[in-house]
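Novice: Read off the chains here:
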Amino acid sequence: GDSVTQTEGQVALSEEDFLTIHCNYSASGYPALFWYVQYPGEGPQFLFRASRDKEKGSSRGFEATYDKGTTSFHLRKASVQESDSAVYYCALGSSGGNYKPTFGKGTSLVVHP
Amino acid sequence: EAAVTQSPRNKVAVTGGKVTLSCNQTNNHNNMYWYRQDTGHGLRLIHYSYGAGSTEKGDIPDGYKASRPSQENFSLILELATPSQTSVYFCASGGANSDYTFGSGTRLLVI
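Chains as they are written, first to last, in my numbering: chain A, 17 to 129; chain B, 42 to 152.
Chain A on its own, in the form it takes in the complex:
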C-alpha cells in the first residue's frame, strides 16, 4: 500500500537557520503530494501541494518540489522563525482511485530565538 516516510522526531534550529525536512513516498499511480502544519491545540492545516513531477509548491516561505524520480517531496525554508515551531506532516493524496490520504508520522520543528 501507499506509504510516506519523513524525518523522524524533532528538528531543533535557531532563528534564521535553513530548514530541511525530508519526505519520501511509495505509491502506485501518480498521487498528489501535500505538506500540512499543525500548531498546538489545533488541527493540521493545509500548507501547499504539488500534483505532477517537477512542480514546486510553496507557501509562507516554505517550498517543496515533487520529484518522481527520487519519490521525494522535501520541505525547505531558507530562514526559519520562532513562529514556525509546529509539527509538519507530509502526505500523499488519492492514487489509483483510492480515496484514502496517507500521512507521514510528523516532524516536530522547534525554533529557538
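Keep in mind the hints are simulated off the structure, nothing from the lab.
Please note that the accuracy of each hint is not assured.
Lysine-lysine pairs mimicking DSBU-like chemistry, simulated, CA-CA at most 30 Å apart [what the hints assert, rightly or not]:
#1 A:LYS93 with A:LYS121
#2 A:LYS116 with B:LYS106
#3 A:LYS116 with B:LYS98
#4 A:LYS121 with B:LYS98
#5 A:LYS121 with B:LYS52
#6 A:LYS121 with A:LYS72
#7 B:LYS106 with A:LYS121
One side of the interface only, derived from the structure: several residues of chain B facing chain A at Cβ under 7 Å [unchecked claim]:
#8 ASN72
#9 LEU84
#10 PHE131
Each pair of labels, with its calculated beta carbon distance range [as the list claims (entries may be wrong)]:
#11 B:SER48 with A:GLY77: 33 to 39 Å
#12 A:THR86 with B:PRO102: 30 to 36 Å
#13 B:GLY94 with A:PRO129: 31 to 37 Å
#14 B:ILE118 with A:ARG68: 37 to 43 Å
#15 B:ASP79 with A:GLY85: 33 to 39 Å
#16 B:SER48 with A:LYS84: 39 to 45 Å
#17 A:GLY77 with B:ASP103: 37 to 43 Å
#18 A:HIS128 with B:PRO110: 45 to 51 Å
#19 A:GLN61 with B:ASN51: 16 to 22 Å
#20 A:GLY85 with B:ASP100: 39 to 45 Å
#21 A:GLU71 with B:ILE118: 37 to 43 Å
#22 A:ALA28 with B:THR61: 37 to 43 Å
Here the structure is a predicted model, which is why all the values come from computation and not from measurement.
C-beta: ideal position from N, C-alpha, C; glycine also.
Please arrange chain B on chain A, whose structure you already have, making use of the hints.
Specialist: Structure of chain B alone, referenced to chain A:
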C-alpha cells in the same frame, strides 16, 4: 467560510460506555475521514466515507463504527469505550487529489 466543526471539544467517558463524536462540514466535499492522533504514531485513519450512506474501514477500525447520514455529517461511534481509545480525534473532509480540511479535534479521555 468553508469549515469542519467537531463536537464535543473535550469528552470524559467511562469504560464500557458509548461515545459518539460528531463532525459537520460546509465544504461540500464528498469524502470525510476520522483520524486519531497519538504521540509517536502521527495521524492514523479509522474510518472514511465517499458520501452520504457510505462508510469504509480505514487502517485501525477495530472498536469503532462510523455513520454518514448526510453529505455534511459524519459521526464516529465507540460502542464500548476502553482506556486504549483515549486519544485526540480529528475529522477531515476532502476529495480526490483535493486539499483536506481538518477540524480542531476532540480530546477523549476514557477512565
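Novice: Look at each hint and say if it fits the structure.
Specialist: Hint by hint, here is what the structure shows:
{"no.": "1", "hint": "A:LYS93 with A:LYS121", "result": "holds (20 Å)"}
{"no.": "2", "hint": "A:LYS116 with B:LYS106", "result": "holds (17 Å)"}
{"no.": "3", "hint": "A:LYS116 with B:LYS98", "result": "holds (10 Å)"}
{"no.": "4", "hint": "A:LYS121 with B:LYS98", "result": "holds (20 Å)"}
{"no.": "5", "hint": "A:LYS121 with B:LYS52", "result": "holds (25 Å)"}
{"no.": "6", "hint": "A:LYS121 with A:LYS72", "result": "holds (22 Å)"}
{"no.": "7", "hint": "B:LYS106 with A:LYS121", "result": "holds (24 Å)"}
{"no.": "8", "hint": "ASN72", "result": "holds (5 Å)"}
{"no.": "9", "hint": "LEU84", "result": "holds (4 Å)"}
{"no.": "10", "hint": "PHE131", "result": "holds (5 Å)"}
{"no.": "11", "hint": "B:SER48 with A:GLY77: 33 to 39 Å", "result": "holds (35 Å)"}
{"no.": "12", "hint": "A:THR86 with B:PRO102: 30 to 36 Å", "result": "holds (33 Å)"}
{"no.": "13", "hint": "B:GLY94 with A:PRO129: 31 to 37 Å", "result": "violated (52 Å)"}
{"no.": "14", "hint": "B:ILE118 with A:ARG68: 37 to 43 Å", "result": "holds (39 Å)"}
{"no.": "15", "hint": "B:ASP79 with A:GLY85: 33 to 39 Å", "result": "holds (34 Å)"}
{"no.": "16", "hint": "B:SER48 with A:LYS84: 39 to 45 Å", "result": "holds (41 Å)"}
{"no.": "17", "hint": "A:GLY77 with B:ASP103: 37 to 43 Å", "result": "holds (42 Å)"}
{"no.": "18", "hint": "A:HIS128 with B:PRO110: 45 to 51 Å", "result": "holds (48 Å)"}
{"no.": "19", "hint": "A:GLN61 with B:ASN51: 16 to 22 Å", "result": "holds (21 Å)"}
{"no.": "20", "hint": "A:GLY85 with B:ASP100: 39 to 45 Å", "result": "violated (28 Å)"}
{"no.": "21", "hint": "A:GLU71 with B:ILE118: 37 to 43 Å", "result": "holds (40 Å)"}
{"no.": "22", "hint": "A:ALA28 with B:THR61: 37 to 43 Å", "result": "holds (40 Å)"}
Checked against the numbered hints above, the structure breaks hints 13 and 20 and satisfies the rest.
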